[in-house]
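Asker: Using the supplied hints, reconstruct the complex from the two chains, each of which is provided in its own coordinate frame.
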Amino acid sequence: MKLSCSAADEQFRQEVAAWLAANLCGEFESVRYRGGPGDEHSCVGERKAWERRLHQGGWTGLGWPREYGGRGASIEQQVIFNEEYARAGGPGRIGHIGETLAGPTLIAFGTQEQKARYLPGILRGEDFWCQGYSEPSAGSDLANVKTRARFDPDRRQWCITGQKVWTSLAHEAQYCFVIARTDPASVGHRGLGFFLLAMDQAGIEVRPIEQLTGTSEFNEVFFDEAVCGENDIVGAPGDGWQVAMGLLGFERGVSTLGQQMLFQNEFDEVLRIARENGAATDPAIRQRIADAHVGLRIMRFNSMRMLSGGGDDGSLSREAMIYKLYWATWHRNLGKLAMDVLGPESEILDDAPYALNRLQSLYLFTRSDTIYGGTNQIQRNIIAERALGMPREPRG
Amino acid sequence: MEFRFTEEQEMIRATAETFLAELSTSAAVRAAMVTERGYDPALWQRMCADMCWQAMHIPEEYGGLGLGYVELVATLEQMGRYLLCSPFYATVCLAANALLVAATDAQKRHYLPQLAAGTTGTLAFTGSSGRWDAATVEVTCTPEGDGYRLRGSYRYVPDGHTAQLLVCAARAPGSEGEAGISLFVIAADTPGISRQWLPTMDQTRRQAQLVFDDVLVPAAALLGEAGEGWLPLARIIDLATVAIAADQVGGAQQSLDMTLAYLQERVQFGRVIASYQAVKHKAADMMVRAEAGRSAIYYAACIADEALAGGPLGRELAEAASIAKAYCSDAYFFNAGCGIQLHGGVGFTAEYDIQLYFKRAKSTETFLGNGAWHRERLARLLLDGPAPAAVTEALA
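For the record, the sequence lines run as chains A and B. Counting from 1, one number per residue, gives the positions in the first sequence under the working numbering. Counting from 1, one number per residue, gives the positions in the second sequence under the working numbering.
If we strip away everything but chain B, and leave its shape as in the complex, we get (with noise of 0.2 Å):
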C-alpha cells in the first residue's frame, strides 16, 4: 500500500512548512489582518515567483507545474498551520478549480497561465441566504443580445474585493435549485460590479460582497452549457471543501503544537502543568483529532486527484469531501477551543496566537458547510438513496 508521501511530495511539504514558519510569521499575520487587502503583495510574489504555488496544479500545457491535489493539499495544509493571509485560497482553489472543471480548453488557455502567473481570482456563487447548496445562487443571467445581463449580488465571496479574476454562478430568471445554473469567467473589473469587504471576526480570511447591477458579459464567457452549470459547480465546491479542510487540520495541528509548548514551560504547584494527567488527557485527545482528521484530507486528495484524472474513483468526490469537512471543522474547533482553554488567562488574550487559530476554525466550520451540514449530506446518500446492500458496494 502506498498511501504515503513520495519523497518529491515530502520534499514538497517540507519546502512549504519553511517557507511559511520564516515568512508567515505571527507578525506577519498581524500586519497583514488589519488591512483592507488582507495580504502582503511582495509575499503574493514571492509564492509565484520562488515557489510556484500558484501554478502547481493546474497542468503544464497551461502554464502550470502539473503536480496533483496531494501536493496541493500538503501545501495547504502548512498554510492553515502558519495562518496564511492570501488570496492563496480563492485563486487556486476556488478561481483555477472552477476552471479546470468547467472552461474549455481555449477558456483554460486563456486564463490559466494568467492565475499560475500570479493573477488572482476567487468564485462567487453564494447569495444572502446562508445556504451552500444550489439554492444559494440568486444572481440571474439572461440572454442579451450576443451574451448575457447579470443582476444581483453575492455575499461570502472569498477575496471578492481584490479578486481580479471572478468566476461566478448565476441562474436563469425564475429557474430554482440546481436547474438553470450558469457559470461565467469575466474580468473583475467588468462595468457594472461593485465590491465591498466585509470586515470578519477571523481577520486572517478575507470575504466581500459584490453587487452586479446590469452586468453585460459576452458569450465567450460562459463555461460549459448555459444552464447546465450546476454538476460542475457541485464538482468545483467538492474540491474547494477537501482544500479547506486541509487548512483545518494544519490549523488543529498548530494548535496543539503551540498549546504543548506553552504547557510544556507553564509551572504550577511547582511542575509544570504539562505533568497534569487532566491536561495531558485533553492534548492526547487533540492529537488524536488532528491524525485523523489528517488521514482523512490525503484520501480526499486523492480522490480529487481521481476526480480531476477522470478516473473511476472520482465519483468518490462529493462523500470524501464531506466526510472530511465534517471532521476537520469539528477537529479545529475542538483543539482551537482546547487551545485557549489549556492556555489559562494568557489564551484569552490578544497577545497570544491560540485566538486566531480560534477565530480561523470558526471561519473555515462554516465556510462551505459546517459538520451537521456534511453531515446531513452524508445521511442522505446513507439513508434516503438505493438500499442499503447497494450503498455499501457504491462506498466500498
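Chain A on its own, in the form it takes in the complex (with noise of 0.2 Å):
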C-alpha cells in the first residue's frame, strides 16, 4: 500500500496541466468555474466552443479504446485529467453525457455502422446527447418505463411515444438516448429497448422545469411519434435494461477525483468568508468546518482505495457501493454549513428577481444531490441487499 504514483503518471499530469493553462484562457477566460452542477445552464456558447478545443487537443474520449478515436488513457491518466481540470477551473462539460455515457455504450453494444455514425461527433465536441431514462412514473422505480417504442414497417422505423424528465441539457443537444417499451404487453425491466434519437424533429417537445433555483437544468422532453430509423436500436428489442444497466458499470470512479476537487474549492470558499466575517471564532462552526474537512478528505481516500482496484470481477466493491450516499450528503451539509458561515448576509440576493450567488445556488442545488441518480433511500437499499445481503424489498 502506497501513495505515490508513478513518474509516468506524474509527467501527465504537467503535461494536462500545462494543457489546460495554455488554453484556458483568453477566449475561454469567462467559462472558468461556470457550467458546473446548479449552473448547466450558463455560457453554453462558449462551453461548446471549448468542447471542440479540448477536441484539438486530444482531450476527449480520454478513456475510449484509440481504435475509435480515443486516447485510451489508463485509470490513472483518467483521474489525473479530471483532477487537473477542476483544479484549473475547467467549465461543467456539456459532452460528459456523450462522452461518458452514449459513447461507451455504443463501444460496447452498438454495431459498426452505429459506431461509424455516433461516435466522431461526440469525441469532435459538435454533438451533444441527453439521457432519456425517468419519467413521472419511473423515477427510483426505473424498470416502470411506460414510454413506447412501435415499429412501423412500411416506413422501416421506430415510432416513440411517451414523456421523460430530468432531461439534463435536452434543449442543447442533438441526440437522445432513450429506452421504451418495444413489448407493450411487458412489464419491468423485460420488453425495453435502446434507442438513439435526434433531438430535431417534430415529434420532440423539450419544456425546461424551473426548479426552486429559479433555473431551469432539467427539462421535461415529450415524444409523440418521433421517429429514429430502423438501425438506430441499439441490441435487440427487449434488450434495453441490459444496455442500459451496461452504461452504470462504466462510471468506475474515474471522475470522483475532479468531482471533489470542485467540492475542495466551494469549502474553500467557505473557509475564507468563515476567516473574514469571524464565524471562524464560533465554536459550533468550527466543529462543522473541521468536520466537512474529515468528510472531504476521507472521500479522497476512498476514492483511492476504490481506483485501486477493488472490483475487479466487473462487481462493485464494498467502498464503491458507498459512494453515492457519502458524497451526496456531504456536498448537501456542505451547503447548509454555507448558508450558516454567511450568517444574515446568506438571504441577500446578488439581484431581483432571483439571482443567486454562487454558496446560494449551492445550498439549494445540492437539495437535489440526495435524489438524482438514485435517492438516498435507493442507496441504503441497495448497500443493504447487495452488500450486506439483507433480503430484498419486495416488488409489485
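Warning: the hint list may mix true and false statements.
Some chain A residues judged to face chain B by a derived CB distance under 10 Å, without partners named [as the list claims (entries may be wrong)]: (1) Leu212; (2) Ser303; (3) Gln377; (4) Arg392.
Here are the in silico distance ranges between beta carbons for each label pair [what the hints assert, rightly or not]: (5) A:Asn277 / B:Gly145: 36 to 44 Å; (6) A:Ser74 / B:Met11: 41 to 49 Å; (7) B:Arg30 / A:Lys2: 34 to 42 Å; (8) A:Ala236 / B:Gly270: 48 to 56 Å; (9) A:Arg395 / B:Phe348: 43 to 51 Å; (10) B:Pro41 / A:Asn277: 53 to 61 Å; (11) B:Ala187 / A:Ser74: 52 to 60 Å; (12) B:Arg271 / A:Lys146: 48 to 56 Å; (13) A:Gly214 / B:Phe269: 44 to 52 Å; (14) B:Gln341 / A:Ala49: 54 to 62 Å; (15) A:Asn277 / B:Arg30: 20 to 28 Å.
The set of hints was computed from the structure by calculation and includes no laboratory data. We treat Cβ as the ideally placed atom computed from N, Cα and C, and that holds for glycine.
Answerer: This is the structure we're talking about:
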C-alpha cells in the first residue's frame, strides 16, 4: 500500500496542467468555474466551443480505445485529467453525457455502423447528447418505463411516444438515448429497447422545468410519434435494460477525484468567508468546518481505495457502493454550512428577481444531490441488499 | 494507484483474523476482563512466539521484523474486531513507538529487542486534568546529581499497573504548556513508583494510576534533549492515535457484522427483521461508517510509515491522525449504539457481546481525544493558521 504515483503519471499530470494553463484563458477565461452542477445553463455557447478546443488538444474520448479515436488513457490518467481539469477551473462539460455514457455504450453494445455514425461527432465536440431514462412514473423505479416504441414496417423506422423527465441539457443536445417499451404487453425490465434519436424533429418537444433555484438545468421531453431509423436501436428489442444498466459500469469512479476538486473549491470559499466574517471564532461552526474537512479528505481516501482495483471481477467493491450516499450527503451538508457561515448575509440575493450567488445556489441545488441518480433511500436499499446480503424489498 | 494491501499485507491481515477468531473468543475475552491483570499471559506469549506481533514494526536492526505501520494497522483492526484484551497496544503503539521516535541508537538497541521479545511497556504522560495536549503533563523532573528526580502522578495510563517498562513525560518545575517537557525510559519497578489499577467501565482495556514519589532516574534514562520532549511526544501521540483508530474500525465493523447476524435470524411479524427497510437503512449507515473509517486509517497508516521513515508526507501525520480519530471515534460509537438498538432487548443483556463493543467504543473514543477534540485541532489548522491558499496547498 502506498500513496505515490508513477513518474509517467506525474509527467502526464504536468502535460495536462500545462495544456490547460495555455488554453483555458483568453476567450475561455470567462467560462472558468462555470457550468457545473447548479450552473449548467450558463455560458452554453462558449462551453460548446471549449469542447471543440478540448478535441483539438486530444482530450476528448480520453478513456476510449484508440481504435475508436480515443486516447486509450489508463484509469489513473483519466483520474489525473479530471483532477487537473477541476483544479484549473475547467467548465462543466456539456459533452460529458456523450463522452461518458452514450459513447461507451455504443463502443460496448453498438454495431459498426452505429459506431461509425455517432462516435466521431462526440469526439469532435460537435454532437451533444442527453439521456432519456426517468419518467413521471419511473423515477427510483426506473424499470416502470411507460414510453412506447412501435416499429413501422412500411417506413422501416421506430416511432416513440411518451414522456421523459429530469433530462439535463435536452435543449442543447442533438441526440438523445431513450429506453422505451418495445413490447406493449411487458412490465418491468423486460420488453425494453435502447434507442438513439435525433432531437431536431417535429415529434419531440422540450419544456424546461423551473427549479427551486429559479433556473432550469432539467427538462421534460415529450415524444409524440418521434422517429428513428430501424438501425437506431442498440441491442435487440427487449435488451434495453441490459444495455442501459451496462452504462452504470462504465463510470468506474474516474471522475470522482475531479468532483472532489470542485468540492474543495467550494469548501475553500466557505473557509475564506468564515475567516473574513468572524464565523471562524464560533466553536459550533469550527466543529462543522472541521467535520466537513474530515468528510472531504476521507472521500478522497475512499476514492483512492476504489481506484486501486476493488471490483476486478466487474462487481462494485464495498467502498464503491457507499460512494453516492456518502458524497451526496456530504455535499448537501456543505450547502447548509455555507449558509450558516454567511449568517444574515446568506439571505441577500445578488440581484432581483432571483439571482442567487454561488453559495446560495450550492445550498439549494445540493438538495437534488441526495435525490438524482438514486436517492439516499434507494442507495441504502442497494447497500443493504447487495453489500450486506439483507433480504430484497418486495417488488410489485 | 496502489492504495490497497499487497499480497503479503493481505496475508498478515488474514492470519491475524484467523488467530484472533480462534483465541480471542467471547469466552476468552470475558475470562481475561475480570482479572486485575486484564489479559491472559499465555496468549501474550503466543502472540510473541508464534506471531511475532510485538516485533512487527520494530526495525530488524533492533530485533524486529521491520514491517510497516500498514501491517500494524491491519493487525490492530483485527484486535479491535475481536476485543483483544492485551497490553499489546500499550507495549507496541505507545512504548515501542516512543522509543522509535525519541530514543538514541544505543537506547533503541537496549530496549527495543526486549519489547520485541515480549517485555511489556507503556507510555505515561497524562495527569488528572483530562487533557490530551502538553498541558496534561503534571509530573515534574528536577536535575539531581547525574540524573533526575521525578515527582507527581499519572492517570489513565494504559496497562500501567502491569507494564514492565515505562516511557514517561515530565516537565521542569514551573514550566507550562509545550515548554520544559522531557521524556524518560525506566523500569517500572524503579523505587518510588507505586501503581494502582483503576477499574474501568470498559473492562477490555486496562487503565492505571502511577504515583512517582521522588523517583531517581539516571541521565541515561533521558530520551532526547532535556526540555525538548514535546515535539517527539506529540509525534508519539499522533502515531498512537492512528493505532487506536484502527482498533475502532475493527470494532465498528464487528458491531455491524454481529448485528447483521442477529437481524438475519430474529423473526417478528412472520419475517426476519433484516427484511424491514427501517432496519436495513440503519445497517447501511453502519456500513458507510465502517468503510469510510477504514479508508481513513489506511491513509493514516501510510502517512505514519512516511513519518517513521522521515519521508516528506510525514508532515501530514498530525492531520491524518486527527481525521482518522475524529471519524472513527464517532463511527464506532454510532455502530455500537445502533448495534444495541437493532438487537432489541437482548442488546441490553450482559450475555450478548454487543454491549462489550459499546463500552470499548466509548473508552477508545475518549482516549487520546474524542471527535470534538480532534475537530478543534483541525479547525485550528484550517482557520487560525496561514492564509487559505497556503492551507490548501499544505493539505493537498
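Asker: Each hint: holds or not?
Answerer: A quick look at each hint next to the structure:
1. Leu212: With a minimum Cβ separation of about 26 Å from chain B (threshold 10 Å), the hint on A:Leu212 is violated.
2. Ser303: 9 Å, holds
3. Gln377: 7 Å, holds
4. Arg392: Holds. Min distance 8 Å.
5. A:Asn277 / B:Gly145: 36 to 44 Å: 58 Å Cβ-Cβ, so the 36 to 44 Å window is violated.
6. A:Ser74 / B:Met11: 41 to 49 Å: The hinted range 41 to 49 Å is violated for A:Ser74 and B:Met11, with Cβ atoms some 27 Å apart.
7. B:Arg30 / A:Lys2: 34 to 42 Å: Cβ of B:Arg30 to Cβ of A:Lys2: about 40 Å, so the range 34 to 42 Å holds.
8. A:Ala236 / B:Gly270: 48 to 56 Å: 42 Å, violated
9. A:Arg395 / B:Phe348: 43 to 51 Å: 35 Å, violated
10. B:Pro41 / A:Asn277: 53 to 61 Å: With a Cβ separation near 59 Å, B:Pro41 and A:Asn277 satisfy 53 to 61 Å, so the hint holds.
11. B:Ala187 / A:Ser74: 52 to 60 Å: 56 Å, holds
12. B:Arg271 / A:Lys146: 48 to 56 Å: At 32 Å between Cβs, range violated.
13. A:Gly214 / B:Phe269: 44 to 52 Å: 47 Å, holds
14. B:Gln341 / A:Ala49: 54 to 62 Å: 56 Å, holds
15. A:Asn277 / B:Arg30: 20 to 28 Å: 55 Å, violated
Of the hints listed earlier, those the structure fails to meet are numbers 1, 5, 6, 8, 9, 12 and 15, in rising order.
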